[in-house]
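Visitor: Spelled out, the chains give:
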Amino acid sequence: MQLTVWTYEGPPHVGAMRIATAMRDVHYVLHAPQGDTYADLLFTMIERLPRRPPVTYTTFQARDLGGDTAELFKRAAAEAYERFQPRAMLVGASCTAELIQDDPGGLARALQLPIPVVPLELPSYQKRENWGAAETFYQLVRTMAAREAPPPGFKRPPRAADVRASCNILGAAALGFRHRDDVRAVTQILEQLGVDINVIAPLGATPADLARLGEADFNVVLYPEIASQAAQWLCRNFDQPTVKVIPLGLAATREFIAEVARIAGVDPSPALAGTPSHSNWYAHSVDSTYLTGKRVFVFGDATHAIAAARIAAEELGFTVVGLGSYSREFARDVREAAGKYGLEALITDDYLQVEAQVAELQPELVLGTQMERHIAKRLGIPCAVISAPVHVQDFPARYSPQMGFEGANVIFDTWVHPLMMGLEEHLLTMFRGDFEFHDAAPASHLGFTAVQPQPAASAAGAARAAWAPEAEKELGKIPFFVRGKARRNTERFAADRSVELITVETLYDAKAHYSR
Amino acid sequence: MSSGPSNGAAAEPVAMRDEVRVSGERGQREVFCGLTGIIWLHRKIQDAFFLVVGSRTCAHLIQSAAGVMIFAEPRFATAIIDERDLAGLADANVELDRVVGQLLARRPDIKLLFLVGSCPSEVIKLDLSRAALRLSGRFSPRVRVLNYSGSGIETTFTQGEDACLASLVPSLPPHPPQAAPNLLIVGALADIVEDQARQLFADMGLGQVDFFPPRRSTELPSVGVDTRYLLAQPFLADTARALDERGARRIPAPFPLGAEGTLAWLKAAAATCHVDDARFRRATQPAYERALGSLSRYRDQLAGKRVFFFPDSQLEVPLARFLANEMCMELVEVGTPFLHRAHLAAELASLPAGTSVVEGQHVENQLDRCLAAKPDLVVCGLGLANPLEARGLTTKWSIELVFTPIQGFNQAADLAELFARPLVRRTRLVA
Chain A
2 MQLTVWTYEG
12 PPHVGAMRIA
22 TAMRDVHYVL
32 HAPQGDTYAD
42 LLFTMIERLP
52 RRPPVTYTTF
62 QARDLGGDTA
72 ELFKRAAAEA
82 YERFQPRAML
92 VGASCTAELI
102 QDDPGGLARA
112 LQLPIPVVPL
122 ELPSYQKREN
132 WGAAETFYQL
142 VRTMAAREAP
152 PPGFKRPPRA
162 ADVRASCNIL
172 GAAALGFRHR
182 DDVRAVTQIL
192 EQLGVDINVI
202 APLGATPADL
212 ARLGEADFNV
222 VLYPEIASQA
232 AQWLCRNFDQ
242 PTVKVIPLGL
252 AATREFIAEV
262 ARIAGVDPSP
272 ALAGTPSHSN
282 WYAHSVDSTY
292 LTGKRVFVFG
302 DATHAIAAAR
312 IAAEELGFTV
322 VGLGSYSREF
332 ARDVREAAGK
342 YGLEALITDD
352 YLQVEAQVAE
362 LQPELVLGTQ
372 MERHIAKRLG
382 IPCAVISAPV
392 HVQDFPARYS
402 PQMGFEGANV
412 IFDTWVHPLM
422 MGLEEHLLTM
432 FRGDFEFHDA
442 APASHLGFTA
452 VQPQPAASAA
462 GAARAAWAPE
472 AEKELGKIPF
482 FVRGKARRNT
492 ERFAADRSVE
502 LITVETLYDA
512 KAHYSR
Chain B
915 MSSGPSNGAA
925 AEPVAMRDEV
935 RVSGERGQRE
945 VFCGLTGIIW
955 LHRKIQDAFF
965 LVVGSRTCAH
975 LIQSAAGVMI
985 FAEPRFATAI
995 IDERDLAGLA
1005 DANVELDRVV
1015 GQLLARRPDI
1025 KLLFLVGSCP
1035 SEVIKLDLSR
1045 AALRLSGRFS
1055 PRVRVLNYSG
1065 SGIETTFTQG
1075 EDACLASLVP
1085 SLPPHPPQAA
1095 PNLLIVGALA
1105 DIVEDQARQL
1115 FADMGLGQVD
1125 FFPPRRSTEL
1135 PSVGVDTRYL
1145 LAQPFLADTA
1155 RALDERGARR
1165 IPAPFPLGAE
1175 GTLAWLKAAA
1185 ATCHVDDARF
1195 RRATQPAYER
1205 ALGSLSRYRD
1215 QLAGKRVFFF
1225 PDSQLEVPLA
1235 RFLANEMCME
1245 LVEVGTPFLH
1255 RAHLAAELAS
1265 LPAGTSVVEG
1275 QHVENQLDRC
1285 LAAKPDLVVC
1295 GLGLANPLEA
1305 RGLTTKWSIE
1315 LVFTPIQGFN
1325 QAADLAELFA
1335 RPLVRRTRLV
1345 A
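Protein sequence lines correspond, in order, to chains A and B. Residue numbering for the first sequence follows our numbering, beginning at 2 and increasing consecutively. Residue numbering for the second sequence follows our numbering, beginning at 915 and increasing consecutively.
Treat the hints with care, as some may be off.
What the hints assert, rightly or not - Simulated restraints on C-beta separations: (1) 1048/B with 111/A: 50 to 58 Å; (2) 69/A with 1255/B: 57 to 65 Å; (3) 213/A with 1345/B: 47 to 55 Å; (4) 1038/B with 69/A: 47 to 55 Å; (5) 961/B with 26/A: 47 to 55 Å; (6) 1090/B with 379/A: 26 to 34 Å; (7) 1052/B with 470/A: 38 to 46 Å.
Everything labelled a hint here was simulated from the structure, so no lab data went into it. Each residue gets a CB set at the ideal place from its N, CA and C atoms; glycine is no exception.
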């Protein structure tokens, strides 16, 4: 049992819903108690989809448990087929139905529907949303594409000179963080490279589209959390290589283009020529000098967190002080990335643990999910969202990708905007007593009232030294966004040296010690 | 619990009550489970904490239904059951004790802890009433631990509040036999509604009026044979039964929605408490007339418009009565998850002749009926609203009717405005 205030991921059947909802002509019959239909509002309210998710819930109640819930499932599945006429059906159980063990797969088979029926085994007490999405997509791909698969050991013959290369774009799903716009950005790059797009899936694909996935020369996986399992199967069965670079950030976009060009055997220069990116120049402009070394904490799904850390360090000149992810399945990748910044990765789905680490590190910027927005708000730290879980605000009306060159521009704007502008920061440091521009006021371009920064958590366990009044006053002169860090460092410095009273001297001794 | 109509998807009339046609149907229900009530209950009782013992789905439901993560430090959480807990129930109890210990260490301000049962905890038969007793013994007197079920297999949406309040009734102190009779207003109301009602009762000369649930768990009202209670919400079947068992008696009344509903609600209490007519009129007339005046503006916008209710909160019947009788709207269909015929007797009797009330749900058939009827306004849940808007219908999210102060004279126009706004909006948007 785990005490959970917020969850980063829903249950695995919500992942399955994200696949079904992204696709066309697929229907999902879910054995579930009354109430589980809440999941519909994720799609109709948060993503603002104008249609209901293609999901039929059996919505059994206590009185059904004494009777025949299996019969209820069969009736729901038969009715759903009649009404919606899907080309493929997913069947499965939510957490409660898993406990009553009605075997939706077997029950659906007994109906002998004239369409492929994919039984989903999604262990709710063990796995979570992204795993459920990946498993569902993989099972659907396998079911639909297997009959087209060549004999084992098939080697893809070299493409004829007059035939254009083609690829599939895999991973974009419903309720994803900017998936719709990323697909558009990546499609544009592939078009510039002269690569045809065979199928985009699951977003907008039909079961028939999945059946012809094997016709492409290679696969582009945008979101490994959702599509890497399916891509691996396609690689094994159709000898389709996978483009592994995720085009998040300027450098990664260039590497992505190079990788696609290499696999497709095309010239990368049309896509690289005149790189239409402002983010690179903006980062080099003197106005951005104040971004140098800003301490950032990064948390999200593995793909976005790893990419964000790299962009922060290499494209904005920030210092990554914390990196973590709730994607346990990709923990190794995150740990490896964290190693590059000399960090220990935080792999957890416990919101309280993330909160504790942010409080401890006192970063100047948090790049996280909707959950970290809460943490940052509470601690008075600027924050930008880089990853699901998503909120209605993460589905902007405008084109706003994260991937490709335009994505790099969007990221520059989104991350820099919450910060105080360079000269304003200096002026605050010089003149602290101003009644309007004091350090508890928000950055002047952010019209809302800043949350009062909470007192920083002191170094845990260590016996705390007392602060002399003049030292406390001096600490107050340090800009608020580094004050917590200064307090913590000074206390640690004092504790290490058994200093009982922190004076102004101790404060500056500590500053000198840690700035080395 | 709902005994419900018999099996069968079609909406067939199973009862004729006066001239209102009540029918039942079964199928997919597009409604929340009782856990959702935690969203308002944890704000209402300010020193209570709600710990759901359930699955990741339960945790995800509450945070999604709550308008998505609105509170930085909510007074609710989920103890998520995992595989190891399923392996053996003894272990699950040890785990639950550990989680409760962890929670109470983190929140020393909590005086009342509800262990809230869920579908999975019920199916694996985790006995939360025993757990509550055990934990109460361990943490009393600092914290009292109670339990109720908010599971979807047992409760629909607002029935979660019913179950919560019913679990609290045995803790209410006995009303001293020699004390004056007290009037108890039952059902969570917005603070502003409560304050206004309290003032109106005071103006009628009724001093001993208590509200249940109270704002703090340390202010529990007393209950006994001299207690008369007035339901403020139509979904409190189990709570009423528990109060009856303590000797209290219900004052039959319609619900305080709209000017007429509020007047009749207050009148029922006044009559029971022997308030004379003149005094009642003096106390209520100004607010009643003000409400009538403020409603007239919205009547112009709503009169003659056809409204269709999907089942959601059990507020549907009183709301339909208000819209039909005070706003002159036409009722196409009044869906409700569960119809408590006794508590709603006055409401049902006031519905226009021929009104179709449908208990239960088969969402696909109901959508067919709704689309065929092309009503001017559809009152429905969050999962259906945008898809219906995309089909050209105008909708009002029903959950807002549970989260907004709508009861009483001063809120009557606010209630009407909630229905008028989507219609006005549609006329404003030209593109």
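Visitor: Now tell me if each hint is right for this structure.
Guide: Verification of the supplied hints:
Here the CB-CB span from residue 1048/B to residue 111/A is close to 45 Å, at odds with the stated 50 to 58 Å. Checked against the hint of 57 to 65 Å, the C-beta distance between residue 69/A and residue 1255/B comes to roughly 28 Å, which is inconsistent with it. At about 39 Å, the beta-carbon gap between residue 213/A and residue 1345/B misses the expected band of 47 to 55 Å. Residue 1038/B and residue 69/A have their C-beta atoms about 21 Å apart, which leaves the hinted 47 to 55 Å range violated.
At about 52 Å, the beta-carbon gap between residue 961/B and residue 26/A stays in the expected band of 47 to 55 Å. A beta carbon spacing of about 46 Å between residue 1090/B and residue 379/A contradicts the range 26 to 34 Å that was offered as a hint. Here the CB-CB span from residue 1052/B to residue 470/A is close to 44 Å, well matched to the stated 38 to 46 Å.
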